[in-house]
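Read off the chains here:
2 protein chains.
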Amino acid sequence: MASVRVDSEVTRIMIGVNESSIKGYPHASISSKSAFEWTLNKIIRSNTSGFKLLFLHVQVPDEDGFDDVDSIYASPQDFRDANRKDKINGSHLLEYFVNRCHDIGVVCEAWVKRGDAKEVICHEVKRVKPDLLVVGNRGLGPFQRVFVGTVSEFCVKHCECPVVTIKRSAEETPNDPVDD
Amino acid sequence: MASVRVDSEVTRIMIGVNESSIKGYPHASISSKSAFEWTLNKIIRSNTSGFKLLFLHVQVPDEDGFDDVDSIYASPQDFRDANRKDKINGSHLLEYFVNRCHDIGVVCEAWVKRGDAKEVICHEVKRVKPDLLVVGNRGLGPFQRVFVGTVSEFCVKHCECPVVTIKRSAEETPNDPVDD
Numbered sequence: 001m002a003s004v005r006v007d008s009e010v011t012r013i014m015i016g017v018n019e020s021s022i023k024g025y026p027h028a029s030i031s032s033k034s035a036f037e038w039t040l041n042k043i044i045r046s047n048t049s050g051f052k053l054l055f056l057h058v059q060v061p062d063e064d065g066f067d068d069v070d071s072i073y074a075s076p077q078d079f080r081d082a083n084r085k086d087k088i089n090g091s092h093l094l095e096y097f098v099n100r101c102h103d104i105g106v107v108c109e110a111w112v113k114r115g116d117a118k119e120v121i122c123h124e125v126k127r128v129k130p131d132l133l134v135v136g137n138r139g140l141g142p143f144q145r146v147f148v149g150t151v152s153e154f155c156v157k158h159c160e161c162p163v164v165t166i167k168r169s170a171e172e173t174p175n176d177p178v179d180d
Numbered sequence: 001m002a003s004v005r006v007d008s009e010v011t012r013i014m015i016g017v018n019e020s021s022i023k024g025y026p027h028a029s030i031s032s033k034s035a036f037e038w039t040l041n042k043i044i045r046s047n048t049s050g051f052k053l054l055f056l057h058v059q060v061p062d063e064d065g066f067d068d069v070d071s072i073y074a075s076p077q078d079f080r081d082a083n084r085k086d087k088i089n090g091s092h093l094l095e096y097f098v099n100r101c102h103d104i105g106v107v108c109e110a111w112v113k114r115g116d117a118k119e120v121i122c123h124e125v126k127r128v129k130p131d132l133l134v135v136g137n138r139g140l141g142p143f144q145r146v147f148v149g150t151v152s153e154f155c156v157k158h159c160e161c162p163v164v165t166i167k168r169s170a171e172e173t174p175n176d177p178v179d180d
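Just so you know, the protein sequences line up as chains R and G, in that order. Position one of the first sequence corresponds to residue 1 (full-length UniProt numbering), numbered consecutively onward. Position one of the second sequence corresponds to residue 1 (full-length UniProt numbering), numbered consecutively onward.
Okay, chain R solo, but in the shape it has when bound (with noise of 0.2 angstroms):
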């Protein structure tokens, strides 16, 4: 029997995430989590050392305004080691994130960038050339996704890389799905 031909390096998924419209910061949107879960479960399963997730959260800057951040965190300590800045600049919704992959046992990279979600995370994707971005989404009517727009719809269409776009389960979705 032949073998599936596996390139020798690890297949890179790189994971959008952003926080929750309903608790904030540090927590992570419903839809970041669905597409944390799902890479999880329907791709890597048991494969734990096949893969690795790079976890990319865009903050929208604020008028306070600070410095465009480059940390890189990939374990639990990185965060034990994290200063004050970084708890305002949306970090610390990535120690979610980097916690279960670490009791996993998935190598993970977690960054936070400032700007326009979708132009982020295309620029991202151009530089990072991971194999597959995968994207949570709201699954949102036409008419709803006028006003709040979707950052997987302009993923899917100008990422440099196979964008895969998941939707929250139906028992997920708030009262008012603009919420996430």
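I should point out that these hints are in silico values taken from the structure, not numbers from a laboratory. Bear in mind that the values here come from a model prediction, so they are computed numbers and not experimental data. It is possible that some hints are incorrect.
Each pair may be met inside one copy or between any two copies, as identical chains are not told apart.
[Claimed, not checked] Straight line, CA to CA, 27 angstroms or less: simulated DSSO-like cross-link-like pairs of lysine-lysine:
(1) Lys157 to Lys23
(2) Lys167 to Lys129
(3) Lys23 to Lys129
(4) Lys157 to Lys167
(5) Lys126 to Lys23
Based on these hints, arrange chain G on the given structure of chain R.
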């Protein structure tokens, strides 16, 4: 260390495949093969028992006309048993993919439907409920897309499961990119 909670069932990946516009039947298009190879090398990797591949070929009806086909091909023997009618209706295209899976040890099914590719694929997704749909794409620019249509864009928008589109690599693109 915690482990990934893996659903007891395998991850079922549907791959839409079509014939080569250059070589005709039974040859698969470049983008179909790209979608298949990407799935093997980047997703399944060495975890051959964790996945099942579902190959769907949608044949555009021609003036000869033939009955709707629901035959299922799961091993090389199935093709040896196939009659002449199967050869005519496009199922011989599937032999390449089923044989590769058999050699590698990945469980698969393959079947032919006829009709409008984008609509049949979405209909079959609704019926079969795969965890992921993988479709190839020629990577055409907006000008060329207007004339050839893109099944993949329709599927991304309308299929009721996560969808990933795989472009051909640049070195595999024929002189006329509409060819496949």
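Hint by hint, work out which the structure violates, then give me just those numbers in ascending order. Hint check: 1, 3, 5 fail, others pass.
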